[in-house]
Every structure is written in structure tokens, then in C-alpha cells.
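Number of protein chains: 8
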Amino acid sequence: MVGIIMGSFSDWKIMAGVAEILEELEIPYEKEVVSAHRTPQKMFDYALSARRRGLKVIIAGAGGAAHLPGMVASSTTLPVIGVPIKSSNSIDGWDSVLSILQMPTGVPVATVALNGSKNAGILAAQILGVGDEEVAKRLRNYREGLKDLVEDMNEELKKSI
Amino acid sequence: MVGIIMGSFSDWKIMAGVAEILEELEIPYEKEVVSAHRTPQKMFDYALSARRRGLKVIIAGAGGAAHLPGMVASSTTLPVIGVPIKSSNSIDGWDSVLSILQMPTGVPVATVALNGSKNAGILAAQILGVGDEEVAKRLRNYREGLKDLVEDMNEELKKSI
Amino acid sequence: MVGIIMGSFSDWKIMAGVAEILEELEIPYEKEVVSAHRTPQKMFDYALSARRRGLKVIIAGAGGAAHLPGMVASSTTLPVIGVPIKSSNSIDGWDSVLSILQMPTGVPVATVALNGSKNAGILAAQILGVGDEEVAKRLRNYREGLKDLVEDMNEELKKSI
Amino acid sequence: MVGIIMGSFSDWKIMAGVAEILEELEIPYEKEVVSAHRTPQKMFDYALSARRRGLKVIIAGAGGAAHLPGMVASSTTLPVIGVPIKSSNSIDGWDSVLSILQMPTGVPVATVALNGSKNAGILAAQILGVGDEEVAKRLRNYREGLKDLVEDMNEELKKSI
Amino acid sequence: MVGIIMGSFSDWKIMAGVAEILEELEIPYEKEVVSAHRTPQKMFDYALSARRRGLKVIIAGAGGAAHLPGMVASSTTLPVIGVPIKSSNSIDGWDSVLSILQMPTGVPVATVALNGSKNAGILAAQILGVGDEEVAKRLRNYREGLKDLVEDMNEELKKSI
Amino acid sequence: MVGIIMGSFSDWKIMAGVAEILEELEIPYEKEVVSAHRTPQKMFDYALSARRRGLKVIIAGAGGAAHLPGMVASSTTLPVIGVPIKSSNSIDGWDSVLSILQMPTGVPVATVALNGSKNAGILAAQILGVGDEEVAKRLRNYREGLKDLVEDMNEELKKSI
Amino acid sequence: MVGIIMGSFSDWKIMAGVAEILEELEIPYEKEVVSAHRTPQKMFDYALSARRRGLKVIIAGAGGAAHLPGMVASSTTLPVIGVPIKSSNSIDGWDSVLSILQMPTGVPVATVALNGSKNAGILAAQILGVGDEEVAKRLRNYREGLKDLVEDMNEELKKSI
Amino acid sequence: MVGIIMGSFSDWKIMAGVAEILEELEIPYEKEVVSAHRTPQKMFDYALSARRRGLKVIIAGAGGAAHLPGMVASSTTLPVIGVPIKSSNSIDGWDSVLSILQMPTGVPVATVALNGSKNAGILAAQILGVGDEEVAKRLRNYREGLKDLVEDMNEELKKSI
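Note that the protein sequences, when read in sequence, are chains A, B, C, D, E, F, G and H.
594 is the number of the first residue of the first sequence in this note's numbering; add one for each residue after it.
594 is the number of the first residue of the second sequence in this note's numbering; add one for each residue after it.
594 is the number of the first residue of the third sequence in this note's numbering; add one for each residue after it.
594 is the number of the first residue of the fourth sequence in this note's numbering; add one for each residue after it.
594 is the number of the first residue of the fifth sequence in this note's numbering; add one for each residue after it.
594 is the number of the first residue of the sixth sequence in this note's numbering; add one for each residue after it.
594 is the number of the first residue of the seventh sequence in this note's numbering; add one for each residue after it.
594 is the number of the first residue of the eighth sequence in this note's numbering; add one for each residue after it.
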């Protein structure tokens, strides 16, 4: 089970990409609005109970001074994947990226690309696939699909003038 | 009473500037190492009890993915002043600045310059000086001293060749 | 009483956020166009008379080479809150942020996020709330409202597919 | 088993931090110099054989135009953790960070902070800890140790003047 | 013969500029979608066979963590020209530029401006023109045309009010 | 007569370059420590009296939130040359550059390179040379000297192995 | 007489601001498309003949790798004002700003804000006003007009709700 | 024959890397100090006569507002390789990189990494190797040497603890 959290419903237009890819890879997930700054207690309860509630990976999306991924990571030893979001209050995404990526020694956040929600989902699957051969197999199939996609685009290119 | 907190003792070489200026302005303070990521519970206890314990302003210094000022601000309505620190794990200070400054609507942090610990102390005094004429007077004297300093430097310049 | 100033009427589309939040928190304010570069004398008169005229906090918004907050701060010991504005003459907001934030020792400006006018209003209220229990109470209520907002968004998220 | 790779022996002064933390957490590892640009074939052989050879996580450090983590990730479905290194040929670390972090959809790299080798090791342990309760327990102990560290620093701070 | 490659068909809206200029300069070319991350084996086959297949210059366009130009360069000694593309997953183009430009010693990529596909075509022609006087002549004519263009624009300017 | 001003005596180690070049070009100057933030009244008096006192150009150096050049420019119609200084409180010089360069319409500052004090002196001479053929002649001689310098360096290069 | 030059007619939509302000200040000017890279010889002829042809100040606008202002400055001792233009081939304006501003010792360019064409015109007038009391007077009037503008905006603000 | 030029003898400490690699690859070269800003006429003579004098590739190194590579490229149709140098007057190398890389359509510069002089030499060899099988062979040998280097480093790593 993967937990998907975000600081605001407006982040869902990006974070829906996580759900999409997890469904494609048949990995169950839950989703929740949890704000580091507006509901700090809820955030800590979420993080502290995560392993007990059966979560295996947490994916947290946030923009601007994006503290959610790092603060959740501070209260669980589950892997936390951070998705920097270029939200309306972000300076071209730099604040989101840096405040998620640059965690101090002891509390890592696995950071993916700006708005890279699909990759967050794939990374979660890869983490689960370490111990689950079935998931690993689905990932290999997904990768094969990427090759086909490239060949499709290649044909499209050949037809362009 | 002003609370000075920082995520690591190594930040003290910058944050000592807060203490220095508060002593010059005769404003009492306490100091504490509180880490957002390593001691999240202590951080929340600190923030939640701050007003009750008589604090009026909190000054928090942090570097890298600097979540301490914003997370303390999330659990108190006291003014929180953030000091971005160019620590060894910081990318030229940009991460510290952006992860303190770019707070979402609802939870502001009063951010000062990179490594600007003295200004954090002065700002705390200015906040206290809103309702305390004695502090306001000391600030005016401090300002007068700055003018004298400029004149001293001016004399030094005139003697330079 | 809070003073809201800005260098140009075009900044009002951002700075109106200050007025909005102050009204919500029942804090009186005045507003004025004051330009550091086009009306320097007016700016100094404003700053020098601010405390005498009963102002307790000044909130100054500016974009580009944003000197207004820092220059007002140079002529008053009241706390000055700076709002960096991503105006049409700004390089992605970096100039506004840096020219407000990076004040030299002795003259701090309490800087909030780029276009963070609402947070400037909340910070002003927090400063007033240090000595005014009634304002502090309204801030606590405002914070509670933020939690409700998160729960509302959470319900919206749960209904999304 | 964790695989630690880097493009140059000069990266070892940073990447040794991975080995250090893995030893502390009693997690076996292997280490290898593998260069994306100078030994592309070796890199692909390494990535393609990784799962078969029993690796569960790969940690790749690189600086400048840092292609090693992303290219290894392109040829395995194991989780790949990228450590951006501020090497001598890097522009303040920005090139290392961006060329590791900004992977296209389909091939994520779990990026940690600039020079954040220890956090890469901890993240690898967290990934292994998803399915290994013993490792999870060691991580909880490690976290407890961080709290003690903060209290030690706190005592040191209290004694400072 | 010049080889034009790109990681995605969506890059063609920029990379078509290469084809346009090569046709103007009467230089034959082939075009192909080749992805470093989704089809690494195809990429290597392309690079390893390039000289044998009669290619003299390779032009590779990519955005975000743009590894294609550098990885192709790692498996051929033909000159490789890199076109950083400001694609939808790029942070204002900085990631594309830095991950193409900052190659380590031993494996250069001749980098042109962000989205500078036409210049990539001209540079390829200049490389061919080193040993081909006919191409060099066409380049001189092209340059003369640029002067005429400036004079045309000048007349337009003179007529503006 | 050229006026050289700076916010702090510590800026003199850069600004001495202005004096050096003006002496070489036999242009009289005065120098003064004037701080925008610590002595705003002195700054305005300086600017307002500048033309009357016979100054023809003002050169102002400042670092960090560098308001001195722009604020002096706001109170005189003399040309003001700004020298961004990479002082100890500057973020790699970006704050100094942007807060001097990005002036709003109506009040320009002629900005030179970071720490470019000598060029500020030369620019002042060029401005004076518009109406003073003697100064223009000295500038032409200075330029000739630059060519000789290049030839000297060239000989040195030819001898290097 | 002021010379206005630009590398492309497309820059005129910005550079027209120079003409506008010079007309307002009754200062004669000429305008010309001159490209550093496409018509280098024309550029040098322009610069070398400028003083002889009666020009007193040259204003050059350019975007991207903006060499025009600096290269013109290399062949005249007249003051050259550079206008960095955020053209379509510019990375958010940073390339334009840095390649105009960061001139080496010996050859300054008086740089104004990004797209700051009006300020370039005013700066040219200020340079002419050093020796021309009539122009200086017009500049003082222009400045007075800026104050009126602020008061007009102030009234507009007072009427806003 | 390759031409190596630089704006100042101080650039030789970087540009010597070009000579070193060309000697290793047995490619003849000449070297010259040529300054875009201090000796513009010499620069143009150099560029205009380059092909006639038997040069096949020009490598130009420059720092700060680095106009030399682009301006040389404007007066020759030979391929010009630009080496951005992080000189003392450069802002962390960004100005050098951007003013060389971001050339307008029509006049490309083949840009290599910051301080990447060796790669400039290799790229020149690759360009010559398009039509010279002997040079191509030497490049393949050089590449093989890189693989050996990696294996040597690997052995060193294996011995490290």
C-alpha cells in the first residue's frame, strides 16, 4: 500500500499522475490532503502511524517552501518520495526543489523531478519490486512499453516533413 | 523573552549574533538546539508551549532544507523570525533562503538576510518595541550609534590614499 | 494601526491581499502610494512620522530593485514587513526578493514570500498579538479555520477519481 | 546487497559516506568505479546484471553532467539512488543536481542532497527496511541516536556564552 | 551525411530547424527518435555504427536531464552537437543546458544555444566545410544573406515612428 | 569633479580602483562614506547638493541589498554609476547586481560589472569626455595602452610551453 | 545627438522606449539596425565614426549572447549604454544581462535594467545634462512629473476598496 | 592546424589544456592573445585571415562578458569552439557560459564545459577526424586509454577502506 499526500487539493492536478501510474501497475494506494503548516498534528499522526497502518512507501507532493516530504520523513523510517510542485506560489520551482531535496544527514527524501508525479509512482513500484517479483515483472513490462512508444514516435517522425 | 533556536550546535557560530545584539539591547533570551528533522516532537512541544512559557518572539536559524522556522511557525501564533544559514550542506545559501522565505498563505516567517543573525535580534527588539517604549528608545540609540560608526569609517577613508 | 505602502498603484493587485486579511482580523490600516525613487522625500516623511502618527507596523510592497521597504526601515524603528512583488519589470522575482531580504546589519526588513501579501498581513497581526490578547485570539481562530480548510479539501480529494 | 558506483575515484571522498552508514546499519555492499562516458559498456553490463547478481538497490554518485545514475536506471528496474557531487568540474553543484534529478517520465532516480552520500545510504536501508523488519529496527535505533545527538549539542550550547 | 536524433517526437517542433537549415545548405541528413533512457540499447547501436554507416556529424536534441548527446558522444569519436531543448519537463531550460554542456574531460559535446536547432545545423555544415570547399562556399553565401537581412530590417526600422 | 561614495569603509578595497583610474586620467574626485540605511539624511543631503557643489558624476559602490546608487539617483539628475560589490553579506554578488541594476522607469543607474570599480572610473571619464576633448584624448591614449598590454601578454604567451 | 542601435528589428518593440523618452526630453537621435554577429564590419564602422559624426552617447539594445553594446564600446570612447533585452532566444533575460554587464576592465558599458529602454534614454539625457543646463532643467521637470504621477496613483488607490 | 586564442595571458592557465591534448593527439596548433574588447581590429584580422592561413578550427577561451568566441565566429565560417573560463571577473562562471553559448541564429559557437579546455582540444580533433582517418584512429586510442584509466581507479577504490 502506497500513501499519497499533498498539502493542498490544488496539487492534485499534478499528483493525480501518481495514482494513474500506480493503477497501471496494480499497486493499491490511499490519498489524503495533509498540510505541514496548516495541520502539523495530522501530519505527524499520519507519519507515525504509517508503518503500523500497512503503508510501505509515502509519496508527498508540495510546492514553495515545501516542508511536507521532509517533515513526514522525520517521523517514519519508511521511504518517503518527494514531488516538488511548481505551484502558483513557487519561484519557477526552485524553492520546491531545494526545500525537498536538501535534507540534512539522517533524514533523506527520495526526490524526483519537478512535477514528476508519474516517476514518483514508478519509483514507489521499484521499491516494492525489490521484494515482490510480481511487481518487478510489471515494471519490466512497463519498460518494454516505453520502447514501443519510442518506435511509434519514430514512425511519426519519419512521416514528418 | 526571546527564544533562540537552531537545528545544530554548528549554527551557533552564526546565531551567537542574535544573543550578542539582544544583550546589547538588554532583552532577555533563552537558547536551545531544536531540530525539525531529528527531534520533531521536541520542536512541536517548544512551539506549542512558547506563548505560555512567556516567549514573545521566536528566532529560528537553519540551513539547507531549512524547515525549522516554518514548522515552529505552524504551531504558534507568536511572530517567528527565520535566519537562513549558509551551512556546509547548503547550495550557496539558496536552499536555506527559499525554504524559509517561501511559506504558504496562513503561516508567515519573518525572514532576514542570509546569515543575518544580528538583524534577527534587532527585528525581535523592534517587535517588542511596538509596545515597550523603553526598548524603542534603546533602538533609537542603537541607530544613532550606526551614524557615528559611518562617520568613524568616513574619517578612516579620508586618511586612506 | 498598520500602514500599507507600495511604490505604484499597479502593486495594489497584490497588496490588496494585505488589506483583505487585516479586515478579516479586524485590524485598522491606512494605505498609500509612496515611491522610494520617485518621491524620496515623501517616503522619508512617512517613515519619520510613522510612530508619532500611531502606526505600529509598516508593510511595504515593491518589485524590481525594491528599495522601498529597506529605505523606510532606515528611518523608523517600527518593524517593517517587506513584500517582494513579481512586477512586470522584475526578473522572475529574484531582484525583488534579494533587494528586500539582503539588508545590512542594523536595519532589518521582515521579508515574506514573493507576492506573499496575505502573509504580510498575518505577520503584522502576529506582531500586534504579542501585546494584544484579543488579536492573538483572532489569530488562533484563523489558524483553526486553516485546519477546516484542509479537511474540506481532503473531502474534495476523496471524491476525485 | 547494495551496489555503490561512481564515475571517478575522486568521488570516493564523498561516496565513502555511503559505505560508512551502510556498515553502521550492517548492510552489505559492493563498490565499483563505473563511468557513463568513459566505460558505457561496463555501465550497461553493471545495470543489466544487477538484479541477477543479487543487488537490491544501486547508489550512483556523479558530478557535472552527471549521467551515471539516470543511465543505470535506464537499464534496470531496481531503485537507483543518485548522489549529486559538487566535483571540481561542477558549477556550484547545479549541473550535478539538475542532470540527476530532472529525469523524464518512465525512468526515475531517487535523488538526495548535494554531496548527501550518507542520506543515500540511509535511504537504501529504508528501502530494504520495507521488507526487512531487522533493518527497520536498526533504522529506528539510528533515529533515536539522532535525538541523543541533539541533546548533546544542546548541552554544549547551554555551556556556550 | 548528418544524423539528427531526439529523445521524443515532441522535440521535433524545435529540431525541425536543423533539417530546415541543412536543406537550405544542401546537406543530406537522416532523422530518428532515439531515447537515452527508454531505448538505451538502440542509442548505443546508433552511436557505435554511426561512422561505419557514413555519418560525419551527429546532432542530438534533448530536454530536462538531457543525457542523449553526451551518451551518444561516449560511443563514437564523431563530433556530436547538442541542442538543449526547453521542453515541458525542463526548469526554464537550465537542466537541459547544464546536462549537455558540462561533460567531463574526454567526451566533449559541442553545445549550442537553448532551442538553437538552426545553429546546430550551421555548425554541422561548418564542420563539413573544413574539408569541403563547396559547403564552405554555401556557408559564405548564407552569411552574406544575413547581412542583407540586417539591411532589410534597417529599412523597416527607418520607416517606423 | 567626480564623487565617489560607498556604504562602508570595507568597500574601499574595491572602490580604491575608481580613485586609481581617475588619478591616471587626471580627473579630480572626492570620496565619502555615505550609507543609505545608516545615514539616510546624509545620503539625501549629498545627492541634493551634488550638482551645486560642482560634482558632474557620482560613483556609488554597495553590496547586498545595495540601495545607495539608486537612492542617490532618486535625488539628483546627475548621472549615477553603480558598482555592485561582492561584499561579505552578499549571495555571490547576485543581490548587489540586481538591486543596483533593476531600477524602475524614471531613475536609471549606470551599472558596471560586479566589483568593476575601474570601469566605473573609466565610464565617468567617458561621460566627462563627451564635452571635454582633453579627457577624450586621455581616454584614447588609455585605450592604446590596452593594445600594448595585449601585445605584451602575447609575447609572454609565445614564450610559454 | 544620441545613436540608438539594435541587433534586430524585433528589438524595436522594446527600443522604441528610448526614442519616446528622447523626444519627450527634446533630444535628437538617429536609429539603426546594426548586428554584432551578422554585420560586424558595419558595427565597427558605426562605432569608429560615431564621435566624428557628432554622436555623444550610443544606446545599444541586444538579447541572448548580447555582444553589441560591449563590442561598440571597444571601438569608441563615447559612453555606451547597454539595454539587455529579454528576446525570444534569451534564458529569462540572464544571458542578456550578464553578457552586457560583465565587461572586462578597460571597456565599460553603462548597463540599465532588463528591457529598461526608457531608462537608457533618461541616462543619455543625464549624461548630456552634465554640460547642458537646458537638458538638466528638462530632466528636473521630468522628475517633478514623476511625483505628480505618484500622487495621481495615490488618489486612485484611496478610491480602491 | 588549430588556432588557440584567448583574451588575456591569465587565461593560459586554463587554455594550456588545449595545447596539452593537441600535442598528445599530434595535431599542430598556434596560440595567440587576442582580445575582443582591447584589440578588436586584431581579432577581426585574425578571424578573416584564418581559413586563408590554413587554420581549420579555432578555439577561443574567454571569461566574464565573453565576446571573443562569438565575435570571431562572426567573421569566419570555420568552426569556432568556445571555452567559458571562470576568471576572476566572472560571477561563478555563469556570465562566461551564457555569453558564449547563447549565440543568435546564423553564427554558432561550439561551446564546451566551464574551464573545459581539454574537451575543446578533443572536439577540435574530432572535427579534423571527420576527414582524417589517422586522427580518428588516435581518438579511438585515446578513448581506449580512458577505459584503462577507469580500471586503474577501480583498483584503487577496491583497495580503499
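Hints are supplied without guarantee of correctness; some may be wrong.
[Unchecked claim] Below, a sample of chain G positions facing chain E; criterion: calculated Cβ distance under 8 Å:
no., residue
1, Arg631
2, Ile684
3, Arg731
4, Tyr735
[What the hints assert, rightly or not] With a straight-line cut-off of 27 Å between C-alpha atoms, the simulated BS3-like cross-links for lysine-lysine are:
no., chain 1, residue 1, chain 2, residue 2
5, F, Lys730, H, Lys635
6, G, Lys740, G, Lys730
7, C, Lys730, B, Lys679
Because the hints were derived from the structure by calculation, they are not lab data.
In this text the structure is predicted, and so the values were computed from the model without any measurement.
Even glycine gets a Cβ: it sits at the ideal position worked out from N, Cα and C.
Now the hints, each set against the structure:
no.	hint	verdict
1	Arg631	holds, 4 Å
2	Ile684	holds, 6 Å
3	Arg731	violated, 22 Å
4	Tyr735	violated, 22 Å
5	F:Lys730 x H:Lys635	holds, 22 Å
6	G:Lys740 x G:Lys730	holds, 16 Å
7	C:Lys730 x B:Lys679	violated, 36 Å
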